[in-house]
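Student: The primary structure of each chain is shown beneath.
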Amino acid sequence: MATYIIRRLIWAAVMLTIVSIITFAIFFLVPRLAGATPESLATRYVGRTATAEQVKIAAEKLGFNDPLVVQYGRFAKGIVAGADYDYGPGVEHCPAPCFGYSFLTRLPVWPDLLDRLPVTMSLAIGAAILWVLAGVATGVVSALRRGSFFDRAAMTIALGGVSLPIFFTGMVSLVIFSYGLGITAPGGSFTPFLDDPAAWAYSLILPWITLAFLYAAGYARLTRAGMLETMSEDYIRTARAKGLTERTVVLKHGLRAALTPILTIFGLDVGLLLGGAVLTESTYSLPGMGKYAIDAITNQDLPKVMGVVLFAAFFVVVANLIVDLLYAVVDPRVRLA
Amino acid sequence: MTDSLLSVQNLQKHFPITKGMLKRQVGAVKAVDGVSFDVVKGETLGLVGESGCGKTTTGRLITRLIEPTGGKIVFDGHDITHMSQGRIRPLRRDIQMIFQDPYSSLNPRHTVGAIVGAPFRIQGVQTEQGTKKAVQEILELVGLNPEHYNRYPHEFSGGQRQRIGIARTLALKPKLIIADEPVSALDVSIQAQVVNLLEDLQNELDLTYVVIAHDLSVVRHISDRVAVMYLGKIVELADRKSLYESPMHPYTNALLSAVPIPDPKRRKDRERIRLQGDVPSPLNPPPACRFHTRCWKAQEICSQVEPPLLALATGHQVACHFPENAPASGDVAVTGAGAVTAEGALQAGGAGDAAPGEGPAGKGTASAS
Amino acid sequence: MTFLELKDLRIHFPTDDGLVKSVDGLSFSLERGKTLGIVGESGSGKSVTSLGILGLHKGGRARISGEIWLDGEELVSASAEHVRTLRGKKMAMIFQDPLSAMHPFYTVGAQIIEAYRIHHKVSKSVARKHAIEMLDRVGIPQPDRRVDSYPHEFSGGMRQRAMIAMALSCDPELLIADEPTTALDVTVQAQILDLMRDLQRDFNAALIIITHDLGVVAELSDDILVMYAGKAIEYGTSEDIFERPEHPYTWGLLGSMPRLDRERTERLMPIKGTPPSLINVPQGCAFHPRCTYGDRTGGKSTTEVPTLLESEGGHLVRCHLSGDVRRSIWENEIKPNLEAP
Chain A
1 MATYIIRRLI
11 WAAVMLTIVS
21 IITFAIFFLV
31 PRLAGATPES
41 LATRYVGRTA
51 TAEQVKIAAE
61 KLGFNDPLVV
71 QYGRFAKGIV
81 AGADYDYGPG
91 VEHCPAPCFG
101 YSFLTRLPVW
111 PDLLDRLPVT
121 MSLAIGAAIL
131 WVLAGVATGV
141 VSALRRGSFF
151 DRAAMTIALG
161 GVSLPIFFTG
171 MVSLVIFSYG
181 LGITAPGGSF
191 TPFLDDPAAW
201 AYSLILPWIT
211 LAFLYAAGYA
221 RLTRAGMLET
231 MSEDYIRTAR
241 AKGLTERTVV
251 LKHGLRAALT
261 PILTIFGLDV
271 GLLLGGAVLT
281 ESTYSLPGMG
291 KYAIDAITNQ
301 DLPKVMGVVL
311 FAAFFVVVAN
321 LIVDLLYAVV
331 DPRVRLA
Chain B
338 MTDSLLSVQN
348 LQKHFPITKG
358 MLKRQVGAVK
368 AVDGVSFDVV
378 KGETLGLVGE
388 SGCGKTTTGR
398 LITRLIEPTG
408 GKIVFDGHDI
418 THMSQGRIRP
428 LRRDIQMIFQ
438 DPYSSLNPRH
448 TVGAIVGAPF
458 RIQGVQTEQG
468 TKKAVQEILE
478 LVGLNPEHYN
488 RYPHEFSGGQ
498 RQRIGIARTL
508 ALKPKLIIAD
518 EPVSALDVSI
528 QAQVVNLLED
538 LQNELDLTYV
548 VIAHDLSVVR
558 HISDRVAVMY
568 LGKIVELADR
578 KSLYESPMHP
588 YTNALLSAVP
598 IPDPKRRKDR
608 ERIRLQGDVP
618 SPLNPPPACR
628 FHTRCWKAQE
638 ICSQVEPPLL
648 ALATGHQVAC
658 HFPENAPASG
668 DVAVTGAGAV
678 TAEGALQAGG
688 AGDAAPGEGP
698 AGKGTASAS
Chain C
707 MTFLELKDLR
717 IHFPTDDGLV
727 KSVDGLSFSL
737 ERGKTLGIVG
747 ESGSGKSVTS
757 LGILGLHKGG
767 RARISGEIWL
777 DGEELVSASA
787 EHVRTLRGKK
797 MAMIFQDPLS
807 AMHPFYTVGA
817 QIIEAYRIHH
827 KVSKSVARKH
837 AIEMLDRVGI
847 PQPDRRVDSY
857 PHEFSGGMRQ
867 RAMIAMALSC
877 DPELLIADEP
887 TTALDVTVQA
897 QILDLMRDLQ
907 RDFNAALIII
917 THDLGVVAEL
927 SDDILVMYAG
937 KAIEYGTSED
947 IFERPEHPYT
957 WGLLGSMPRL
967 DRERTERLMP
977 IKGTPPSLIN
987 VPQGCAFHPR
997 CTYGDRTGGK
1007 STTEVPTLLE
1017 SEGGHLVRCH
1027 LSGDVRRSIW
1037 ENEIKPNLEA
1047 P
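Chains as they are written, first to last, in our numbering: chain A, 1 to 337; chain B, 338 to 706; chain C, 707 to 1047.
In case anyone wonders, no lab produced these hints; they're calculated from the structure.
Hints are supplied without guarantee of correctness; some may be wrong.
[Said to hold, decoys possible] Quick look at which bits of chain B chain C covers, simulated, 3 or more residues with Cβ under 8 Å:
1) 585-596
2) 614-621
3) 637-648
C-beta atoms are modelled at their ideal positions from N, C-alpha and C, and glycine is treated no differently.
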């Protein structure tokens, strides 16, 4: 088990390195191909008012003239050990993990990311709890009453939930509940949990429900399919033959087996969301990672983009690892070696 | 040897077990571990044994569905052991396989005509009267209605589907058919129909069969010679009559004794041999004689020296230090065994890992006891 | 009073294609300590019958009528909840494939403990002790360690032993074994059959063994019921069925199987055709399209459903042929062909 975890952690590191290389290549190579010169990149740091000479010096000092491999090496070293940035006018130390400085704000990326994390985590985890409860419960009831009115209604709504994009449901719900009825917070507000839990929940309730609706729909369909399959297994018949109550048969024997594949998808979904619920955050103007990513991309703020991509990749890789470990706990047939 | 259609010599298939990130090989499942036999033209050889004995793997090796680890397969004079897929293709029409499950081995989206006619297309064979006519003739041959040419597999019952599977193998007039559990998924009354069909086809089309099955009664009914396998090795190989009437290997005895007999009167007075436990895992088989852990006759030598497969009587090979029903007189047995040892070892093609010198020594102990 | 008695049991399933008459008027009875073998091919209704006795079709789509009397209680009209309390305690079942019939996520011990604690208000540790005793009883070595193993860590034979331990954990008076050895190797099958014989003697339960394998039935059964298309077509002692069978279908089954205890016959004598669809059961005698002797019934076989009648001494046969004709066909046309010349 320990060797398995170590091996997986090494793998995770390898994965993250590959992701960082690809991201680096995309965001540093593509502008080059599009005609950007070291000087034009440096301009973003020193400002348009600088003289051509100043820009040239800055480009040299920032290392934009070095081969791409060297530049990547410096970038990677920054993440691991920190880096010193010499803008020409002065030297700034950026402690590890250093993702560099924003072109736009000149602030280091990492503290910015840490600032955004609580918002995204609040959103993702709150929504995840909602959608698992709602989705799985709906799926189980649908499966047990296959063909009933409840089943057909739930599955129709679920189909809608899966197909409707979040910016649509988000907008509609904002219009109805915030601006129309005034019972939920308007977009753009976020109160940290530690400041005021009630206000925190109030500010997030609508994004939670919107996001959870989308996912709950998918989970309901998955759970229903999984339960239908599991409930026709031989071991369910055995459980009934023992004289167990139907409730125990369904919950202890049926649901547990049906939930295993859902666990995998759940881990991935939460991991992905922690990297930024892009659409939800922009719809509700929540200052989370997703909003951060959108802003970074629209402003072509390359260090920010790098930071957010790697951060998101980190969550996905970690979530995957946790899921695999949990899988072995849930299903004893899975041996981790 | 000229009339042997298929000759398998010291055939091996080891599935590697890997471990760690670098996929280091830490061991191997010796699914088939030194199996040798000949199949004479026109005969039926039965391969029988319990799960994990390697009978199915052997069948797949012969049809080259999987690549052998070692040994040699000679079919109709060609060494096909490692023949490339391109070069083996012309021979594929001569070796065909019938599978156990008539439900999953037929493509549900293809009509019966397409399924049975597929070999013609794949092999690019032109028939005089056209493929459809040829297919319909085959359907009739296996007892299906030729007018069902355009139907789909799900419209047929289990027994009929197995007939479709058989029809498909017959399309190109093969010489050798490997049948892997051809009747075990079928109802009793249907089993008998298919067994009879296989026999009729053999007579009409001069086919040679290797029938792989776990059901000892079916194997006895259908086979001319029978090989009993245990954990990747042949432990006994003999013609039907001597194998079933005077089995020499204790495992064969135990197998035969375990078969339930449909005769309520005999259940009380029947002499039974009951083996303890299950078949050991092929992952970690017992050393030397692989059966010694379950054998009531086992002695020290059985766990130290692997008994080679030797011909102890005419056409009756057995791999055991203490065979039963061995030829009566001790002296005769020793000389007899000694005389056939060389030939037997040759035939067996190194069936065991035991050095040749150990064979006769082991024999002596056996005959003396 | 008989311990188990079925009277005209019918279990029908409405489907989109029509009504599937899986069990259609089945009656038999069984005493404690006796073994009944139910033989039939797929779709004969033998498994549906067993699940029906356990009440597992209740609350589903099935239409059930008739009577099932178990130890003086009628179960068809009893509430689903009441039958549930009998299930596992008074009547238990062993299934075909022990790998799929045990839950892969729970240890063998946990599954036995669960079965015991449904019906006995005892602590987990007491139930665990009982589970270990049961595993020991069915011949599992080192039961105190194996109790914590998962089903996939057991071999096929051990799993079936564990399954039997689970079924017997509440000391049931009726045990139904549905193809208990079909998934097992032949040497392991022999062990399990021995075990079942021993345990039945010790527990003095009524045992129903359901199988397609005539050999297995002959090993265990006192009485045998042959089913075809949802109906009993022949019923008798195992001597009746194997030595004096009277139904053409039974003859067909016997002619279909190669036998190790006799000289090898040149040809098997199969039954022609295939088992009927339960939606469109043939008119008259359900077996008539596959029967070689239908023309000796004076046309009755295609028009009239035969009734199950006593031939002699409790031997029941559902056939239009007269008893004399049947006995003469068996002696002169069938029996000689089953033995090699």
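Student: Count the residues of the stretch 637-648 of chain B with a beta-carbon closer than 8 Å to any beta-carbon of chain C: does the count reach three?
Tutor: It is violated: at least three residues are needed, and the stretch 637-648 of chain B offers just 0 whose Cβ sits closer than 8 Å to chain C.
Student: Three residues or more, CB to CB closer than 8 Å: is that satisfied between the stretch 585-596 of chain B and chain C?
Tutor: holds (count 6)
Student: Taking a Cβ-to-Cβ distance below 8 Å as contact, does the stretch 614-621 of chain B have at least three residues touching chain C?
Tutor: holds (count 3)
Of the numbered hints stated above, the single one contradicted by the structure is hint 3.
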